Structures are given as structure tokens and as C-alpha cells.
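**Student:** Got chain H sorted already, so can you dock chains L, G, X, P and V onto it with the hints?
6 protein chains.
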Amino acid sequence: MRENRIRTLWRQDKAAVNGWLGIPCGFSAEIMAHQGWDSLTIDLQHGLVGYSDAVPMLQAISTTETVPLARVPWLEPGIVMKMLDAGCYGIICPMINTRADAENLIAACRYAPQGRRSFGPARALLYADGDYQTHANETVLAIAMIETKEALDNLDGIMSTPGLDGIYIGPSDLGLSLGFTPTLDPTEPRVIEAIETVLASARKHGVSPGIHCGSTAGAKRMIELGFRLVTIQSDTRFLASAAKQAVDDLRT
Amino acid sequence: MRENRIRTLWRQDKAAVNGWLGIPCGFSAEIMAHQGWDSLTIDLQHGLVGYSDAVPMLQAISTTETVPLARVPWLEPGIVMKMLDAGCYGIICPMINTRADAENLIAACRYAPQGRRSFGPARALLYADGDYQTHANETVLAIAMIETKEALDNLDGIMSTPGLDGIYIGPSDLGLSLGFTPTLDPTEPRVIEAIETVLASARKHGVSPGIHCGSTAGAKRMIELGFRLVTIQSDTRFLASAAKQAVDDLRT
Amino acid sequence: MRENRIRTLWRQDKAAVNGWLGIPCGFSAEIMAHQGWDSLTIDLQHGLVGYSDAVPMLQAISTTETVPLARVPWLEPGIVMKMLDAGCYGIICPMINTRADAENLIAACRYAPQGRRSFGPARALLYADGDYQTHANETVLAIAMIETKEALDNLDGIMSTPGLDGIYIGPSDLGLSLGFTPTLDPTEPRVIEAIETVLASARKHGVSPGIHCGSTAGAKRMIELGFRLVTIQSDTRFLASAAKQAVDDLRT
Amino acid sequence: MRENRIRTLWRQDKAAVNGWLGIPCGFSAEIMAHQGWDSLTIDLQHGLVGYSDAVPMLQAISTTETVPLARVPWLEPGIVMKMLDAGCYGIICPMINTRADAENLIAACRYAPQGRRSFGPARALLYADGDYQTHANETVLAIAMIETKEALDNLDGIMSTPGLDGIYIGPSDLGLSLGFTPTLDPTEPRVIEAIETVLASARKHGVSPGIHCGSTAGAKRMIELGFRLVTIQSDTRFLASAAKQAVDDLRT
Amino acid sequence: MRENRIRTLWRQDKAAVNGWLGIPCGFSAEIMAHQGWDSLTIDLQHGLVGYSDAVPMLQAISTTETVPLARVPWLEPGIVMKMLDAGCYGIICPMINTRADAENLIAACRYAPQGRRSFGPARALLYADGDYQTHANETVLAIAMIETKEALDNLDGIMSTPGLDGIYIGPSDLGLSLGFTPTLDPTEPRVIEAIETVLASARKHGVSPGIHCGSTAGAKRMIELGFRLVTIQSDTRFLASAAKQAVDDLRT
Amino acid sequence: MRENRIRTLWRQDKAAVNGWLGIPCGFSAEIMAHQGWDSLTIDLQHGLVGYSDAVPMLQAISTTETVPLARVPWLEPGIVMKMLDAGCYGIICPMINTRADAENLIAACRYAPQGRRSFGPARALLYADGDYQTHANETVLAIAMIETKEALDNLDGIMSTPGLDGIYIGPSDLGLSLGFTPTLDPTEPRVIEAIETVLASARKHGVSPGIHCGSTAGAKRMIELGFRLVTIQSDTRFLASAAKQAVDDLRT
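Residue numbers (our numbering), protein chains in the order written: chain H, 1 to 252; chain L, 1 to 252; chain G, 1 to 252; chain X, 1 to 252; chain P, 1 to 252; chain V, 1 to 252.
Hints were generated in silico from the structure; no laboratory data involved. Nothing here was measured: the structure is a model prediction, and the numbers come from that model. Be a bit skeptical, because a hint or two may be false.
A pair counts as met if it fits within one copy or between any two copies, since identical chains are not told apart.
[To be verified] Heads up, simulated EDC-like pairs for lysine to aspartate or glutamate below, C-alpha to C-alpha not over 16 Å straight-line:
| id | residue 1 | residue 2 |
| --- | --- | --- |
| 1 | Lys220 | Asp248 |
| 2 | Lys244 | Glu103 |
| 3 | Lys149 | Glu3 |
| 4 | Lys244 | Asp38 |
| 5 | Lys204 | Asp38 |
| 6 | Lys220 | Asp185 |
Next comes chain H alone, as it looks inside the complex (with noise of 0.2 Å):
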């Protein structure tokens, strides 16, 4: 079976450098995978990508060695499920507040006796190749989003649920949950606590902790302070800042 290389720079105590797809296409989605990037995460929940566009991004991030992705709308087994047969070698999960919640969602990632995924991997088999049903449960990530107070509340328990691969925060709803106003960057001093203490307890229970970012400069202070999953804003956002700073530019 074709290795998680996620797993494999994890393993090496290296962050992943994770793009971001909220583009529909699998031009763009091609484009990114060339870009270096360790992986990139098909975004289900706040993208335009519904299931059927996300077929074809999963087959252009497969010509090349680009780690696919997904995360999925809500913890909703038929989804997630559905996003694995494909061929993602990972499920971040939006809103996992509680040990059901992160239960439920490793249950989803793995074939019995471990969970309670259901067997036909149909596209995964070619990406992965046919000795998948072996190696799935082992190679496949769970990745629970930390984003609300009520999940602060719960972290031990989230944390601790066996089989949890990875922890992702999203900056923004976690800010928002918390009072605050959303931002990729925050700089609100209980925001950044909040994420100090789930990196405390992520790796405390030996999870890897990822975290979206607006920037690089973001990205890069993540890394140092133990983040192993890091994004950088995504396609959506590299188009439009890129296409608006040529404009700007002419018209000064």
C-alpha cells in the first residue's frame, strides 16, 4: 500500500506543509499539487466543492506524490466514508466538541474491528493499490477540528480517544467562539492561549496538532511552537490576493 507520507514526516517529528482547495476544479486543484506542497486538503465544509467536483481534484492530486485530503462538511459517517473510498488518506473533521463527537469520527475511518467504516474502497484501491483493506486502518488519518469553547471544555476526553490521528484548529471559529472577532492570525491573548492549551494537550496524548494559517510568517511560527500540520491560507486566496496586488499595481 502506497504510504501516508504524513505519517512518515510525523514519524520524523516534521511538520507537513498542507494547500488548501476551495476552487471546484481539478485544474486548479492540479496546479496547486505542483506547487510543493506536502498535502493538500479538499475543503467540503467552507469551499464551493461538493462531492462530485471533488473526484476529479482527488485524480489531479494523484499525479503526483501530494498527499490528498479532504475535509468533509460535518461528522456525518456517509460522507466521510464516501471521501475515503475515493482515495483521501485523510479526514479533518469540522466541530468534534466532545468524546461522542471524536469517537463517532475515528469509528467512520476504520474497518472493524476498530470501527465501523464500511468496506468498498472503490477508487482508493487504485490510488492506494490491493492490499489496502490491510494497511487502511493504519495509513488513513482522523483528524478532529478543535474550534469551539465546548470542545476546550472536553479536551482531555477528545484527546485521549483512541485511534485520534490529529487535532486541527481553526483559528477563526475557535476566536469566534470564544468572543472574538474571526481571523486566520489572531492576536487576542485568550485566542492564543487557546491554542497553546490544545497544543499542550495534543501532545500530551501523543496526537499531532495542525493548525490553518494566513501566512507564512504564521505557518512558520506555528512549526516552531510544535504544530505538525500546517496550512497557508489556500487557492482561493492566493488567486484573489495575487490577481488583486497585479491590478493594484498597474493602476498606481
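**Tutor:** Quick look at chains L, G, X, P and V alone, frame taken from chain H:
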């Protein structure tokens, strides 16, 4: 932030005239958007419309001043939030039968502290403008469908849910639930009575009442009764009936 | 091989009542296919329909007995043959202005020795049946649009082209070419005269005459005049006018 | 209303031979629909098929007499109802593990008073005919997948659920749940025994038993055992194995 | 009829700043449309964009004031007319090498008597307004690409073609045709000289000159030289370079 | 630049075993790409594949080492260049009947000075690598279909066209053109003779000969005869025949 003209009409105690889209196509949506409707609702429940079909339909509607709404397939937070992120200015949710249902709908439509909506208004930012986060909670409409006997039994609880902007009667399902043949133009006294009960309850609680109508005449009547969001038929019915009439006229 | 009911009607000197599809969607095509048309023409020229959109539209039409036709964007052999391979039972080709144009159209619609159509009836085999190759040349219709002054000047040459099954008048383009405002209901005497000239020439040469009409009344008139393929408006016009009328009725 | 030929076969105690569609494409579905299957199931769970892909597949199947079914991704009312509105004549639902699961499935498949299905049979009306509402409850099939140890423990409760038309065994998941390697052709005695237990229970409760098979030989055996809905492999397996055999034959 | 703002800018002797779309996606087009471009060109030649992809892109652009243009794959009347019917306000046509090429391009862009464009402005009516037919000939832009040695040899003939609104230099192809490595920022004296020759000829004949540029700096230089339609890079380059820079910054 | 493995095989005087794709779907293309073919040809002529369908198919093929080719619908420069820009490593062009046809095909496949291909290798750069421009002319294959009596009459002229890499016999069309029933397994002596004549001419002129075969046995025979690009059937035939055999086996 771009205003929600339905709210403006409601503040003036005027009815919004709503069109209904069941054809999964951006071009037919754009044609409809040029016919003078105050709003258009993309029907992801009974229309043949999936999420990915809805995105170009929203873009087509956004070429005009028509307000874009969506009816979601079911009370499921993932699709509610996806449609809002895609730029819908209101969600009509089927089968709201209890106070808890209503609360869950509203939670999915509102950012904290009023709700649990996750932050990431991908296309909504383009449609509404950069200050979306500040005004979204007061702009986006949460509309609960009242269409079962169970909902009638729980009317007060549903109508008094904080944050509920409107209700929307599905006469077909309401009739069916009461034991009659489903129709958009009910004449059965018990169905009429139920509609009047819902209307009275909505007014009592300051919730804007809406209803689906089978004809212009029916819509006029409903506006006179006090409904403030009235839908006339749908794109599929307009197409079918106009074509059928042309063929029948020629054949006779 | 499945019969071409338009040919059957023509043998009985009856007119085929044709619907017109400009919305690129299988569902709207299927709705149209249930309204009683003898045939439906997918408009790849002025409709918003590309080849890939046309395939599910053909499948939708094939759920009924309605005969599927296509108007191609231009006299280009590639798209003519692709539409036939996809199961169309006739091609309406715009802007046939000379005998050579007509010959090229027919060559693209017929297998050797009558023409140069390449063999590979992918979906046509499923739609028509396994003996497609044997009967295709006598089943599939080649219909030339007569819609310019140049075509009027070359009428005899065009009409006498061996293998030409029908002609189809585009009143808008014909009027425009003669110097008048384009309309589907021409009243300008010189346009009427041109239409009658084409009709007479078609009858003289045993070619079935067709025409696009702006209303049922116009279509009736054209049938009485002798036209044998009459189209009434289109899906886009039906949708727009029915919706507009509903809104206007309500607003007044 | 168009009859459901699976019910007709079942009344005659005959088995329906079912094909399986995992390729998200209308053309491959139409090819399959011409090969003699009694029914075809669009697999929205393990197939690479999203809702929007399924619509043209249903249209393609409807060009023939083959009965269209769908396997939904999960027990979620929204997608069950959407597939029925799109014209499916039966729903196969995965992971029905308890009596409550079975009740929820049936509620989603039936209009009141038997269930809670919402009214709006958009395309079903075209496919089935105008009297759909009157006969839908007795025509549409609700089929529960029995594929876990938990379901085996709750067999009587599930099988006796009023309105359950059929059950469908997923041998891979059933084997996996019992601790064995997943396979469509189980030989493990405990899996065989479980299959026979399910079959006996289905017959006892008058529920039609179905099963997915890995080969024609296996399907024959299952029919002899008493199964009345047997699936042979899938479009993806047929394509892969026929192509592989051609290449391998040439290489040797 | 909605004005063509490029013509307005040109009348003021101002340059239109043009963006370029090669990603076949409505959402990326809408993002681009919000970055301040005067116009956006959908590239059906070298972009990965087919006709059906272009329709939602046009709708996305039409949500803003940005003027929609298209570069067609080749001088073929079918696609030129289809893009105009879909609402493009100008056509950039590659490889116009002779006076006859230029005449054919213009004929495809203009209704009689100036040209041979067929009448049926499906979506253009919605975008431009009901009086489209009256003003289309003076609104829509016909722009010829000058990008070969052959075109240089025929400059006067091309530039003096009645109805030619603009020309557009493709520096890559022009360089290649002259024997040099293709680049959007040519420094080769013979390529520079050719560009200046084309510019001088355009001005002499009152044709608005345009050019594709590899950078904002290059675009500024071209505006100073006298170009009036300048494109900076493309969506694909913006996305690739911004993403690559983020990754590279992080890795170092 | 990524090598073209067909050229490598040809240099070793080995035959490339080619698969054929007529199903417009990325997933079926990916399944085919895993079955051991040296190359896969996307059939835009008789397949149900439009340009936009072909893009995800190319991405799917690019997840493997299989060489991607395309058969275009017709000798039209726009689509030839679009398919090359999308990353095809060779073009098979139907109906090359004269030396001029062959020259036009080659001109469309080659950058100046060998041809007139326009520069803009959008996806080809990602697939082949950044030095695409330098090596494309020697890497990309131009393959002319010989399938008419007219082509047989012009064999020497066609075969001796500078830059022609290969020819490809369409036995169905060739037979049809010679007056026989079209078949992929011709037994008619005059068709066999024509095939041998083409083969001999190809070898004489150093052009690699290819042919479409109806079976593995036929393909083996053709390789022995000297053909160096042999296609076995197609995805549609594999799917249909494997499914039909399964059903028939069960029914008997």
C-alpha cells in the same frame, strides 16, 4: 453588506413574491431571475438540484437584484451552512416539527453567540461584501417549514424560538399529514383551518408567514390573508404547462 | 431499427410538431419530452447547449417516443457526426447557402456510398437497435436551413441535392438577411414572399418543408400553408413568458 | 402507475437479477441497461456517484424497462427522499442494525400515514405517471442492508418492521464485522452460517432476501438457496476484468 | 443596451486592464471578477475551458461590472457566434494572418448587412437588455490576434479591414514565429521591433492595439507605448506563483 | 520532459498495446489506466466524449505511466491544439485522405518552424515538465487515420509527408469505403489486401503503422504482421460484453 430586500419588504409589511427553482441549471435560473421575482428559492429538497448544481444557479441569480434563497433537503447542519457560505440570503428548512428542530435550524444559520454556524463565507463575501461577518446574523433569514400535524401540535414552541425569522407552509405535505390528498391549492376545510392557525400563530409571535401557492390567484389570496412570502408554482410547472398548452392548442 | 416517426408522419402528409431545447439540462428536456411533441430539437447553435450537455438531453428524450433532432452550430462534419453517433434521428444545419453546402451536409449524414459519415454509432446503436448500420441512411434526416438571401438565390441547386430530406426556414435570419428586423412572426411582405418561394420550391423538389414559429397560431397557419415540420417557440420562451405572466398578474 | 417489475417477479417467487453501477456516468449506465438486467442499482455509497451524477444515470436507465434502484450512502432521510423523487423504484440502505434503523428507513420511503416522506415527486411523476401519489407507497421498495454483527443480534426486530419489503446482505461488511477478510464470495463457515440465518429469518417474516455476489456462479447458488434479489459484481469490476484479461492475453 | 466599458475607455484614450481565465470554473472566475479588472477574457484556446465551462464563467463575471470577452480556439464561425450569444462583449480570435481571415472574423461577429452572424442572442438578451439586436453590431468587439510572420507581412490588409475594432498581440507565438523562444516578456530586438510595427500600424488605421503581458511592469510599459488592452498574466499563473512563493518561503 | 513511451517502444520495434475510451468519465478512464495498457486513446470522434469530459480523463490517465492519446472528431486545428495543450502525447486524426490533409494535421501538432501550433501548453507543462517547449515537437505523435478509398489512392503522398509519425487504420470505415459491411475484424479479401497495402507503404516510408482490432486474437495477428500500435476493442465493448455474459450465464 448588501441588504436583504425580503427584510426590507417585510419591514414595510409588504409581501415578497418568490419564484421556485427545481431545474438544475444556471441558464434557466438566470431566465427566471429576469422575470421580476423579489426572490428565488433553489429547491434542494424536491427539485432535481444537488449542491454543485446550486452554485452556478446562485451566480446566475446574482447577476440581478433578486434575493437568493435555498430550501435544503433536510435539517442537516452541513448543507445549511454550505448554502449560506455559497451566498444564500435565507434558508427554508423542511419538516420543522418541534422547538428543538427550530433551535437547530437557527443555530446552523447564525454565528456565535446566537448560533453554531462555522465561519468561512467563501462566496458570500463576494456576493454580500467584505463586512459579511458583521451583519450576516441580522441579514440571513432562517425560515422553518410547518407542514405536519406534529408541527401544528408544537406551534407555540416553534414560533417562539428566538431568532426565527419566518415560517413557510407546504400545503401538500400539510394536507397529506392531516390525511388528505396533497395539493398546492387546498380546499379541504381542515387544511384551510390549519393554514389559518399557523398564520395567526406566526403573526402573534412576530414571525413572517410564507406559503407555497399553486396559482397566481391563490398567491393573491394568501397575500390578502397576511402571508408575506408567497411562491407561485415553480420553473418546472411553468415550463410544462406552457409547453403543454402550446401543443394542445395546435392539436385541436 | 426504431422507426423515425417524422418520416412516418411525412409519408402520411402530416406535419410533425417540434419542440425546441435551448436550456442545457436533461431534466428540462425530459419535462419537454412529456408534453406531446412529435420531436424535440436540441439547439447547439443558439441554445446554451454544448456537446456534453446534449448527451443527457438525448437520454432524457429517449425515455419517451419523441424523436430527437439536433441543430448543429455550423456546417462542420465533426459535430454533425458526433450528434448522429449520440443517437439523433436528424440534423438541422444552419446557413446552407449553396448547393455545395447542401452536399457537404448530406455527406456528413450518410455512410458510403451516399456520403462520408464515419462509422461508430456509439449510442445510436442502443437507441435505434443493432441493425443501425443497415438502415441509418434511410432513417436519419438531413435538413438544411434556408435563411439568407444567398440561399434564396440558390434555391433550385440546394433543393435538388440528392439525399436532402427537408429544409427549415429560420424567419429571423431570413428577415435580417433581407434587410428587416429579425422576428419569428414576420409580417413584412418581402419576407412572407420569400417564405412562400421556399415552400413552393421545397414542394416542387419533394423536400419536406419546415419552419420555426413564434406562436401556436403561427404554427397552425404554417401547417395550413403546407409546412411539415413546425416548431413553436422554445423551452426558454415558454419558461420566461409563463413566469413573467404569473409575476405580472400578481403585481397588478 | 408504471409497475415495479421486481415486485412482479417476487410475486411469482422469481429472483430479480440486479446490476450495480459505481461509474458516475449516464452513458455507462445506459450501456448496462441494455444487457438484460431486471434492475440496476446506482451505488451512492461505495460507487463514485454523487446525487447530481445519479440523475442522468436514472434517465439513462429509464430509456429501458430495467427497474432503477439506489443504494444511499447512509440512513439519512434527505438523500433517501431525493432519490425517490428522482424516480428510483427502491432504496437499498446500508447498515440497518436495529429495529429503529429499519423504522426510520421505511418512514423515509413512505408517505403519511405509513411514513414521513415529504411530497414532491419531481421526476418520479414523469417516470411513473401522474397517479404516482396514489400508488407510490405500494410500489417503491424499502430494502435494509444486513451486514453487521449488531444486525444479526437484532434480526427479528428488523425483519418484523411493518413495511419492510426486502433485505440485502453485504457479504464483505458482514464478514468484516464477524472478524474475517471482506469478500463477495465468502467461504468462511461462520459467514455462510450468518447468511443462512438471515435468509431463514427473511423468509419467516415474508421479507424478500437479496445479496451481493462476486460471480455468476455465486449468484446462481444464492438463487437456489432462496435469494430473490441477486447482484453480480458491478460495472467497475466488469470493465476492469474484461480489460485486464484482454491485455494479459495479448502479453502472453 | 448595457454599454461596453472597453469602448468607453477607448474613446477616452485609456487602456483597459484585462484579466485572463484559463481555469474552467465559475467560482475562480467570480473571484477574479472582484479584483478590479476592466475586463476578463475567457480563454477557450489555451485555457482548459470548453464551451460548457464558459457559460457559468460568463454568469460569474456578469455578477460584476467587469466586461466579459472570450478568446476562441480558432477562426471557426460556430464558436464565435456561440460565445456572443452567451453574452460575450468581444471576441479575441487567434491566428489572423490575412485580410480574408480578418474579414471572416468580422463577418461572424456582425449581423447583416455588416456580417453573417446568425440571429439568436439567447443569454446576450439577458445580459445586455432587450434592445440587443439594435446595438450589438456597434457594441461587440472584434479583435484579431497578430502573432505570426505571415500576419506581419499582411499587416496593412488586416488592419484596414472594415469593422475591425482591435488587434491583440500574442508575444509568445509572435516570437516563436520569428524563430525565437516563446515568452510573454520578449527582449529580443526583432520581436520588440515587430511589436512596435504592429502598434504603429494599428494606430495608423484607427484600430485599438492590445497585448498579453507577463508582468505588471510589462503591462505599464505597454500602456505607455500606446497599447489600449493589456492583459497581465492569467488566473493560472497567479495561483501557481502565489502558492509556490508561500511554500518556498516556508521551506527556506 | 517526460518521455513518450510509445516512441521508446517503437525504437525497440515493439508494439504499443492501446486501450480505447468512449465513456466520458474520469473514473472509468482511471480504471482502464490500471489494467496494463501502454497507452490509452480518448475518443472524441465516436466516443461520447466532449472536450470538457476529456480533461478529467487525462488527469485520471496521468495518475499512471500510461501514455495519453486522443482521437479528435475531425481535422480541425482548434481541437487538435486544445488536446495537446491539455497534455496529450499524440493525436490520432480521422479521415486523412490527401497529402494536404496530412500536412495540415502535422502543422497543427508542431510548433514553428515545423508547424503552426500556437503556444500555450497549459496542462502539458504540468504533465510533461517545464521544458515542454523544447522537446514537444519530437515527443508528441501525429498519427493519420487511413480509412477511405481516397486515402488508398493517395498513400504515397500521405506517407511521405514530413513529420508524420504514424498511421492508424480504421477497419470499419475502410471496409465501408470499399463497399463492405463495417467490422473491426475484416475477413473480406479486398479489405485485408488494403490493410496490407497500407502496412507495406507505412514501412516503406518509415511511418509506424497502427490499427484498431476487434479482439485480442486479432491484435496478436496484427502485431505479427508488423503493426506497432494496436488497439483492442474499447471500454464500452468490454463493459457491455462482460455484463451481457454474466446475465446470459445466469439466465441459462
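**Student:** Each hint should be assessed against the structure and marked as holding or not.
**Tutor:** These are the hints, each one checked on the structure:
Taking the closest pair of Cα atoms, Lys220 and Asp248 come within 16 Å of each other only across two copies (12 Å); inside a single copy the shortest separation is 28 Å, beyond that limit. For the identical chains of this complex, Lys244 and Glu103 are neighbours neither inside a copy (43 Å) nor across copies (37 Å), given an alpha-carbon limit of 16 Å. In the homo-oligomer, the alpha carbons of Lys149 and Glu3 never lie at most 16 Å apart, since the shortest distance is 35 Å inside one protomer and 31 Å across protomers. Taking the shortest alpha-carbon separations for Lys244 and Asp38, only the inter-copy value of 12 Å comes in at or below 16 Å, while the best intra-copy value is 27 Å.
In this assembly of identical chains, the alpha carbons of Lys204 and Asp38 never lie at most 16 Å apart, being 25 Å within a copy and 51 Å across copies at closest. When the C-alpha separation of Lys220 and Asp185 is checked against a cutoff of 16 Å, the pair qualifies only within one copy, where the shortest distance is 12 Å, while the shortest distance between copies is 34 Å.
Hint compliance for this structure: hints 2, 3 and 5 are broken, all remaining hints hold.
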